[in-house]
Structure formats: C-alpha cells, structure tokens
Amino acid sequence: MNENKKLNFSALVAMIIGSTIGSGIFTTTADMAASGAHTGAVLVGWGICGVGMLGLTMCFFGLNKVKPELTNGVFSYAKEGFGEFVGFNSA
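Note that numbering that gives the first Met the number 0 has the sequence shown beginning at 0, numbered continuously upward.
FYI, nobody ran anything at the bench for these hints, they're computed from the structure.
Errors might be hidden in some of the hints.
[As the list claims (entries may be wrong)] Pair by pair, the computed Cβ-Cβ distance ranges are:
id : residue 1 : residue 2 : range
1  : Phe81     : Gly54     : 18 to 28 Å
2  : Leu6      : Ser34     : 32 to 42 Å
3  : Phe87     : Ser9      : 29 to 39 Å
4  : Val43     : Glu68     : 37 to 47 Å
5  : Val41     : Phe8      : 34 to 44 Å
6  : Glu79     : Ser9      : 39 to 49 Å
The beta-carbon is built from N, C-alpha and C at its ideal position, and this holds for glycine as well.
Generate the whole structure from the sequences, applying the supplied hints.
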C-alpha cells in the first residue's frame, strides 16, 4: 500500500490558494494588534463577522429546508432564483 501519489497542477494551485486564504484569516488579529488596534475594536470586529457568518449559515439552512433537492450550493440557489446567467456568475 505504498503508492506514490502526486498532485496535479490544478490541485497544487488550489492547495496553495486555500492555504494563503486560511493563513490570512488567522493572521488578521495579529495584523490588527501590530497596527495598534484597541482590543475592544478587534473584539467588535470579530463579533460583527461572527453575526454575519451566523446569518449566512441560517440563510442557507432555510434555503435547504425549502429546496432540499438543490445540492450544488450557492450556484444552484442563484440559478433557481435568478436564472442561468446569475447562477453562472455566482459560481
């Protein structure tokens, strides 16, 4: 079971982009602290982001309850609600 598996170019690019975005999210607080942002401002920022993410999660939860047959994420909801062009652009 010692198979040598290699990443193709697109998988390698996707992994690098994902790592860059992920590290950017976790260094946001360090960047704020380095620039002298007040602790309260950082906590308010994280709170606003948390409420926004909860709202987005609840929107998709509600959409899943109404249209459980749509399984392709944002693309399928946009395509169903607004047409082919908007669905394509949301992807």
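Between Val43 and Glu68, does the C-beta distance stay in 37 to 47 Å?
40 Å, holds
For the pair Phe87 and Ser9, does the Cβ-Cβ distance stay inside 29 to 39 Å?
20 Å, violated
CB-CB spacing for Gly54 and Phe81 relative to the 18 to 28 Å hint:
20 Å, holds
Confirm or reject the claim that Val41 and Phe8 have a C-beta distance inside 34 to 44 Å.
Cβ of Val41 to Cβ of Phe8: about 38 Å, so the range 34 to 44 Å holds.
CB-CB spacing for Ser9 and Glu79 relative to the 39 to 49 Å hint:
This hint is violated: roughly 28 Å between Cβ atoms.
Within 32 to 42 Å: is that where the Cβ-Cβ distance between Leu6 and Ser34 falls?
With Cβ atoms ~36 Å apart, the hint holds.
Checked against the numbered hints above, the structure breaks hints 3 and 6 and satisfies the rest.
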